[in-house]
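J.: These are the residues of each chain, in order.
Number of protein chains: 4
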Amino acid sequence: MNYQEIIDEIYEEIKSTDDIGNVASIIPELAQIDPDQFGVHLTTVDNREFGIGEWGTKFSIQSISKVFALSQAYKLVGDQIWKRVDVEPSGSPFNSLVQLETNNGTPRNPFMNAGAMVVCDILITQLKDPVERFLSFIREIALNSGINYSKKIAKSEKSVGYRNIALCNYLKSFGNIDNEPDQVLDFYFNIYSIEMSCQELSNAFIYLANDDFRTSENRQVLTMSQAKRVNAIMQTCGFYDESGEFAFRVGLPGKSGVGGGIIAIHPDKYCIAVWSPKLNEKGNSYRGMRFLELFTTKTESSIF
Amino acid sequence: MNYQEIIDEIYEEIKSTDDIGNVASIIPELAQIDPDQFGVHLTTVDNREFGIGEWGTKFSIQSISKVFALSQAYKLVGDQIWKRVDVEPSGSPFNSLVQLETNNGTPRNPFMNAGAMVVCDILITQLKDPVERFLSFIREIALNSGINYSKKIAKSEKSVGYRNIALCNYLKSFGNIDNEPDQVLDFYFNIYSIEMSCQELSNAFIYLANDDFRTSENRQVLTMSQAKRVNAIMQTCGFYDESGEFAFRVGLPGKSGVGGGIIAIHPDKYCIAVWSPKLNEKGNSYRGMRFLELFTTKTESSIF
Amino acid sequence: MNYQEIIDEIYEEIKSTDDIGNVASIIPELAQIDPDQFGVHLTTVDNREFGIGEWGTKFSIQSISKVFALSQAYKLVGDQIWKRVDVEPSGSPFNSLVQLETNNGTPRNPFMNAGAMVVCDILITQLKDPVERFLSFIREIALNSGINYSKKIAKSEKSVGYRNIALCNYLKSFGNIDNEPDQVLDFYFNIYSIEMSCQELSNAFIYLANDDFRTSENRQVLTMSQAKRVNAIMQTCGFYDESGEFAFRVGLPGKSGVGGGIIAIHPDKYCIAVWSPKLNEKGNSYRGMRFLELFTTKTESSIF
Amino acid sequence: MNYQEIIDEIYEEIKSTDDIGNVASIIPELAQIDPDQFGVHLTTVDNREFGIGEWGTKFSIQSISKVFALSQAYKLVGDQIWKRVDVEPSGSPFNSLVQLETNNGTPRNPFMNAGAMVVCDILITQLKDPVERFLSFIREIALNSGINYSKKIAKSEKSVGYRNIALCNYLKSFGNIDNEPDQVLDFYFNIYSIEMSCQELSNAFIYLANDDFRTSENRQVLTMSQAKRVNAIMQTCGFYDESGEFAFRVGLPGKSGVGGGIIAIHPDKYCIAVWSPKLNEKGNSYRGMRFLELFTTKTESSIF
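Chains as they are written, first to last, in my numbering: chain A, 1 to 304; chain B, 1 to 304; chain C, 1 to 304; chain D, 1 to 304.
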């Protein structure tokens, strides 16, 4: 399959139509981004790479980081993690407190904000220096030492993060946070601030597509069974309240971030990262969603 | 892969452990079933068949019928169907009225009871004799004229179906039912009463696994894109509030029924039907779920 | 206190300002009413009467009837009634199904539609001919044989009553309706269709203001303690999601109906009925609410 | 009416039966209290006083303080307060976050925790030194300089106050808190820690029963209309999810605290304070509720 030709063609098609979403406005730093940037990068399990547009520009990966955090925690504590967070789609907004009230403090899945906080809490308990060790983990699986936090973004998010502060303290009130909420929140905002390019993302996530993948330290990231399970959670819960729609239209496990990035994985075939800052009303990249729908249609490569 | 060997082995393993679920007790007729029956049948896209246990015994397929109804309506009206029912997992019980209140009468997906009622309403509007024509549709795709409704089951469900009557009238109050609620409900209870064996089920659902499948009338059931989309909805919404868990453990699109049946589909490979009447607390067959988890693990055939 | 002067003055003040509500449009028959009608009638515990405007015109009392139904059932079964319906304000719309899901089929109070249905169910079980006997009850306490149902209104409400049909079947599914839903609904729609004038209403409700009141058959309607409790429920639950506002602004126990009527009771002093068909956004008579607020302010006769 | 005889008699009756509630266990300091203490004090509008049991022992008044805070804020900003907090009963637990999600950050009433936080926020904005000025306000209306905060209680509540921290940050995320959440929470926990005896309480609340009441500085606390409205809110919202029950059984405006205190007001007649630390399942003093029910029954002094 000539991936380059296909992504070029779709890219041009989308470029030529209106981009009708809006850049995330809640986080001051993110609101300042140039909204017309648009990049795509695909990495195959046999290490071929294809890119178009701003595939090399770093952006704030935001919630996409939740997949890295989940993977690191899953690797560290195994199935113990599922005692504290469920794997069900929520039918609720990503930052819903209602859902927690209904489920006595157990987040529906690790990709809701509450679920990611529980994952952060586990990492803090497990690792001496979580901020440092989480970054090392990403660098190791991405085979790339050039990945970093953005202190500015982390600070910007914290300055308006009242709802997340509420969420974390609420979890604590149910006993589902072991460390101090302030410590968990600091780590949480750091995680969100990681900056990566489409190329870096599609390379970093190969561990979920390729069973034989080894890190820069020659380690397996997750067992085959664990990797399949992370993919399954991405399939059912990766796009907030639009997860069904993404499965329906794109048909791949994936994860979006409010910075406009989306990663999607075709097990045994490829990882693809798309980035365009304008978001649709459900908070997912408008062009990103559109690109991936056309891509799996043209390549007939949905998993379904 | 030697499917027969694998299903025999798993079957014996499960047979030898406790069956800790409970037979559905709400519907009087269903409550009388012999709870120890256990059957499995697998049909590959190249028409090989494998069975073990009570694979030839007919049982009440119940909600599994929703996939047939969705397919027939999708074939008839195309994407118009999505104007009246969404494709998102619900995070709510299958018969939730709350969900409708939140979404102004639009069911979250066609596998919740409310969604299936909207599908029934569409079929009534489209077909002159929906009860007859729905049965013909199943017989045609199953290449099997021996499939029938059970009047006794339909009557039994109606006699205690107050919550479904509530649901249908509630949908009507939002304007999302065109026909009279009584007519919709009669058809709805009929659909649920279809009786099929594991073998019949795994044969009937091949249209979702094999793009080249043709019915007894040499017709395609759904376009490739439509079939993929039905699979995607099964993946995210097929097991009520346990859909995420099923994706996580089994990793295949599927649909369960309160009669203890489960159908699962591996696109391009096979359909597998499992039946065991005792249900776990989420309303899905305890042994069925267990069987499928072991099956995709041993065959390494999850789609993720 | 010169009640006539005060009600004349307030009536003129309100007449001279815009009436900004809307006539109930859900029920076809009610929608046809002349929206400018406006009547007030006050009856004191010592049998003085004062009226202004259309105080003698009959109108559909709708939900106000729930107070009569509750009183008759309370008289018949005593505190047994509270095993099936609670006395708490709901914080939900009058026809909420969500509330029932949360409380396992126990309506929050007898003035929500669901609660009134449970009351109707009790009356059906207790009385041989509930339709006839309920009317006799009202006639007896109103000392007035000219009070009747409106078959036309009852039929009109039933023709669009899908949400109420849903509610009643939903209650039945929880086991909180003993009779057949159809029978309960028929009685329920009849109750709503009672037609009375402001004068008839303020006379009929004197049993809740005057401990010594006797019916045309020289019977006490409720014990003093029961009457106080019905008043308490009206105070906390009589105006749907505006009950707090009514207590806050008017400060009397009362009950409104979607036909634009409101009855309010000052224990030991008087009953006052107001009628004006245009409703505010919470479903209570706009002018009625305004009138009563000015009335208790000028007469300094709130109970608080 | 011989109040002393009546309260003596009821007190003995209740003393002689089991006290089946539980002391509040969430707040460490409160959990240590002697659970068998039981006091009652009544003050009439003409300054007669009656007490029995531990009427002179100070205890943590907790949520009862919300009435003082509301009164002070109402006096300061008038009806502006209702732009930020509603006056409707909630049908939800006192510390519900769900309710806020439904109402976009507007608390249902000033006696839910969220509503009290908005009131605290208003006081902080209005007063230079709110901690000092709030205490002065209570001392002035209680004509009693011996009323104080308990630093120990305030600290104890803060140490486990994660849910309240969540609530305050959640309100801030909706824009309904102007000051920093930390500052609001500090003041909020202080307010709760006020310690008063039954006698002090029944004296302090006379301003809600007696229109002619003047403070130690010879000031009116609230206008007559404002006082009536505070009473109305207490009637409909004073006992969390048991407000309807309290109106039904006791029939007086009132407010309870998790320390086991209850204040009830009979406009134009008296204030009565009851204290017994064991709480029923809704969080209100078991003996307190029982005492007041018997009291208004024997004195026939419900407002209904």
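It is possible that part of the hints are untrue.
It does not matter which identical chain is used: a pair holds within one copy or between any two.
[To be verified] When the alpha-carbon atoms are kept at most 30 Å apart in a straight line, the in silico DSS-like pairs for lysine-lysine are as follows:
1. Lys298 with Lys158
2. Lys278 with Lys58
3. Lys128 with Lys282
4. Lys83 with Lys282
5. Lys298 with Lys151
6. Lys128 with Lys298
Because the hints were derived from the structure by calculation, they are not lab data.
J.: Does each hint hold? Answer for all of them.
T.: Now for the hints, and whether the structure bears them out:
| no. | hint | verdict |
| --- | --- | --- |
| 1 | Lys298 with Lys158 | neither (41 Å within a copy, 46 Å between copies) |
| 2 | Lys278 with Lys58 | within (16 Å within a copy, 53 Å between copies) |
| 3 | Lys128 with Lys282 | neither (36 Å within a copy, 39 Å between copies) |
| 4 | Lys83 with Lys282 | both (29 Å within a copy, 18 Å between copies) |
| 5 | Lys298 with Lys151 | neither (40 Å within a copy, 46 Å between copies) |
| 6 | Lys128 with Lys298 | neither (47 Å within a copy, 38 Å between copies) |
Going down the numbered hints, you'll see the structure goes against 1, 3, 5, 6, while the others check out.
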